[in-house]
Amino acid sequence: MIESENLWLAFGLTLFAGLSTGIGSTLAFFAQPTNKKFLSAVLGFSAGVMLYVSFIEVFPVAQEILQEELGTSKGTLYTVIGFFAGIFIIALIDRMIPYAENPHELKNTEEMLRPLPQGENKDIINKKYLARMGMFTALAIAIHNFPEGIVTFFSTLQDPALGISLAIAIAIHNIPEGIAISVPIYYATGSRSKAFLYSFLSGLAEPAGALAFYFFLMPFFNEVVFGMVFSAVGGVMVFISLDELLPAAQKYGAHHHSIYGLILGMLVMAVSLLIII
6 MIESENLWLA FGLTLFAGLS TGIGSTLAFF AQPTNKKFLS AVLGFSAGVM
56 LYVSFIEVFP VAQEILQEEL GTSKGTLYTV IGFFAGIFII ALIDRMIPYA
106 ENPHELKNTE EMLRPLPQGE NKDIINKKYL ARMGMFTALA IAIHNFPEGI
156 VTFFSTLQDP ALGISLAIAI AIHNIPEGIA ISVPIYYATG SRSKAFLYSF
206 LSGLAEPAGA LAFYFFLMPF FNEVVFGMVF SAVGGVMVFI SLDELLPAAQ
256 KYGAHHHSIY GLILGMLVMA VSLLIII
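The numbering used here puts the first residue of the sequence shown at 6, with every later residue one more than the last.
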């Protein structure tokens, strides 16, 4: 029988960890919508965050879980299958979304945000591209946050001390994820409230994961399902980083700004994950 105190603590910690994305999203409040160097660096930063999380955290955790359940060879095979299944699914979604023209033909920031001349729609297309990229990032991070919510919730029920430590660590590394979502949305819409809202909603995926686990998934949940879903999440994040974030970072600013941002994103995530150890 689960004690009610632990239940409320578990949900509260999961909510705290998820909503910390809102802290990172406030960076958009200080951004200037024509600063190309800043946009390029933050898009690179976002890619660094997602790539590091995918390869250093998500994939190894999924592999460890599946190897424990299925054995070394079969567990590794299932991890790889899940990873590339995630890439295939997000690539298929990417191809199915219609465009008025190729969204990868990006313009610079000033052209993207200049007033729309009569009969011309290129800046609308580019704004839609950035908004779409921010929404894809929000989707990927929300998917990633969902199982994190399950892990935080379940860990707290088993050991409240462990749950508190895990929630703090996840909260810290959710801050740069909030940045990854909010800045593209802000540059596309010029609305700080929308940038904050999408980041905030992606964070709600963690308490949503906790609730879904408690009310619906607990009777059917097993380690194999969790490992496969987690590895697919890694694939989704890698595809979005390489297909959306890095190309946009290169187009909107100097090469070095995007790379410096990429490295900084990896470094920030590395430090945040070290807190767990």
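It should be emphasised that the hints constitute simulated quantities derived from the structure, not laboratory data.
Since we're looking at a predicted model, the values are computed, not measured.
For each residue, glycine too, the CB sits at the ideal point set by N, CA and C.
A couple of the hints might just be wrong.
[To be verified] Using C-beta positions, here's what the derived DEER-type ranges look like:
1. R100 / N11: 42 to 48 Å
2. F225 / S78: 40 to 46 Å
3. I86 / K42: 36 to 42 Å
4. P65 / N11: 14 to 20 Å
5. I173 / E69: 36 to 42 Å
6. P65 / I98: 31 to 37 Å
7. I268 / L222: 35 to 41 Å
8. I169 / L247: 31 to 37 Å
9. M223 / H261: 32 to 38 Å
10. I61 / A90: 26 to 32 Å
11. V276 / F220: 20 to 26 Å
12. L222 / N11: 15 to 21 Å
> Quick check: which numbered hints come out false for this structure?
Replying inline: 2, 4, 5, 6, 9, 10, 11
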